[in-house]
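Next come the chains, spelled out residue by residue.
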Amino acid sequence: AQSVTQLGSHVSVSEGALVLLRCNYSSSVPPYLFWYVQYPNQGLQLLLKYTSAATLVKGINGFEAEFKKSETSFHLTKPSAHMSDAAEYFCAVSDPDTGFQKLVFGTGTRLLVSP
Amino acid sequence: ETGVTQSPTHLIKTRGQQVTLRCSSQSGHNTVSWYQQALGQGPQFIFQYYREEENGRGNFPPRFSGLQFPNYSSELNVNALELDDSALYLCASTRGDRDFTGELFFGEGSRLTVL
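Chains X and Y supply the protein sequences, listed in that same order. Per this note's numbering, the first sequence starts with residue 1, numbered consecutively. Per this note's numbering, the second sequence starts with residue 1, numbered consecutively.
Since the hints were made in silico from the structure, they are not lab data. None of the hints are false.
Simulated restraints, written as ranges between beta carbons of each label pair:
1) T77(X) <-> N79(Y): 40 to 46 Å
2) L18(X) <-> A80(Y): 45 to 51 Å
3) P115(X) <-> S7(Y): 35 to 41 Å
4) T107(X) <-> P62(Y): 22 to 28 Å
Every residue, glycine too, gets a C-beta built ideally from N, C-alpha and C.
Pulled out of the complex, with its shape left as it was, chain Y reads as follows (with noise of 0.2 Å):
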């Protein structure tokens, strides 16, 4: 069973910049969430999607997009690059059905740097 994989594990941008990170779900899993966590903090929540529709968002600008294709991978996609966005990015699969059992399977994540 092949778990979560993003790439790419490290990158350099700088201001103003676009950025695209990439995730391939977990097999059987139709749900990818990400995750912000900055140097020390515990991650934030940025969106989900399921079935490849946004179906859930926290408190990000529209800056922040995402996509997710018809096989479950996903994009996450930053404009407008601001130094605060350094970060690691998380992204986590899951089936997001009602057999939900609030598991996540995380990724390694993919370490932005802004300058």
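Extracted from the complex, chain X is given alone in its bound form (with noise of 0.2 Å):
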């Protein structure tokens, strides 16, 4: 069965310093790899995802996740933070030849971001 650990269920960063947020996934097969953004009261909105093109995927608002096979890992990055991105990222995964589009999500990283 797919799963996704997410390292960190908060992660405090300053204003303009690098975001980082950690994400490993568990599939037999080649995935696809999501990250999604809530925002307090709102429901998911999607970051970036990774479906076997290139492995460094750029996605809105600056974000990027690289796509490591070796280390099974989808870690999400920006280089500045803002502090409008405080909110709680998710990552997901999905097994394309379930015929159903199901995604299996980690529990959460809360992003705080202090000026």
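Taking the hints as your guide, dock the two standalone chains into a single complex.
Right under this line is the structure:
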């Protein structure tokens, strides 16, 4: 069964600092991988996705992630944090062969940005 | 383009009662899936409907049931409510054909509190 592990339930950074949110996955087949963001009292919004094309994926709001098969990782980064980046971030994995679009989410990482 | 809309946004029920949550999918989307997000957790897949039929189900008991209508809107029904059913219920829509890109479009959710 597929699974996702997000290391760190909370990450705190200062405005302008590097953001690094960690995600490791477990999958028996080449997966699709995603990062979603959830702002308070809102649904989830897709930041970026990996679907077996380029291993370095660029998303919205300056975020990017790199798929590393050897490390089974898909860490999310942003060079310079903004106050508006404060939110909950979820890594998710999908098996493209299941025949339906089920996502398995990690438990999330709350990003806190201080002035 | 109208996004995914859910109703009601908040509701309170007591143990043993039944609840119906509603979702209108985004224009052009024929697949709807439902997720349960308990406090402090990532979303958990409940089930998915494609062209009015359930075509995937997560690890949820039969008292969780659903429907999809010809206009692709959907309902989630939960019978015999338990305290642990308190959660944010998220609806997501997508195109459920071979052009699946892996991106789900989420509504803002229905927050259910069971007392």
